[in-house]
Amino acid sequence: MIMNEQKAVVVFSGGQDSTTCLYDAMRRFREVEVVTFNYGQRHKLELESAARIASDLGIRQHVLDMSLINQLAPNALTRDDIAIDQKEGELPSTFVDGRNLLFLSFAAVLAKQQGARHIITGVSQSDFSGYPDCRDVFIKSLNVTLNLSMNYEFVIETPLMWLTKAQTWQLADDLGVFGQVRNHTLTCYNGIIADGCGECPACLLRANGLREYEAAKSEGRRL
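If you're matching positions, the sequence shown starts at 5 in our numbering and goes up one per residue.
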């Protein structure tokens, strides 16, 4: 397998974070492809949003069936009968056991077949809602494991790892794609595109970050 130092695979859901990462990757790499996972998420609009953005940008998209996750780990992202909430001292009901472990492992298999060395994911430890598989230590550990398992020098990149949501908005603006990210991505747990429902945890995090960034920008400050 010939390794291409200028090729990257982006784990892509069509949401704010992964779309920002995609635009950033397009700036930094000569060739970019995306991988989207169908894991039985509540809203097929997420898959449609990802497909539309990839198509508009002329990016090759791979869609992998990961519906087995829903059988193994029922959660609020895939089940209408599980409320989206978080009890004190517990992980949010939107946490899916093993999701990023499986997603990144399958992304790595795909990346190797495509000759790509770089795998890019939009996880963040600054705004990670307590998800253990969004932590930097997990990513670094998995990176080593994947390299050993396939005898291939992967680099898992996390451009948003130490950015707040406000700083992620700033990055999108720096890339010149603020409007595209705001108006064409789907972050909402209730399946509403752009600014979303305004009530679910994902929308609140996104909206609070947007307000913080716009306030800083109006004052001429960088975050």
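These aren't lab readings, by the way, just hints derived from the structure by calculation.
Treat the hints with care, as some may be off.
Below 25 Å or equal to it, Euclidean Cα-Cα: the simulated BS3-like pairs (lysine-lysine) are [as the list claims (entries may be wrong)]:
#, residue 1, residue 2
1, K221, K11
2, K116, K11
3, K144, K116
- Item | Hints violated by the structure (listed by number, smallest first) | As far as the earlier hints go, only 1 is violated by this structure.
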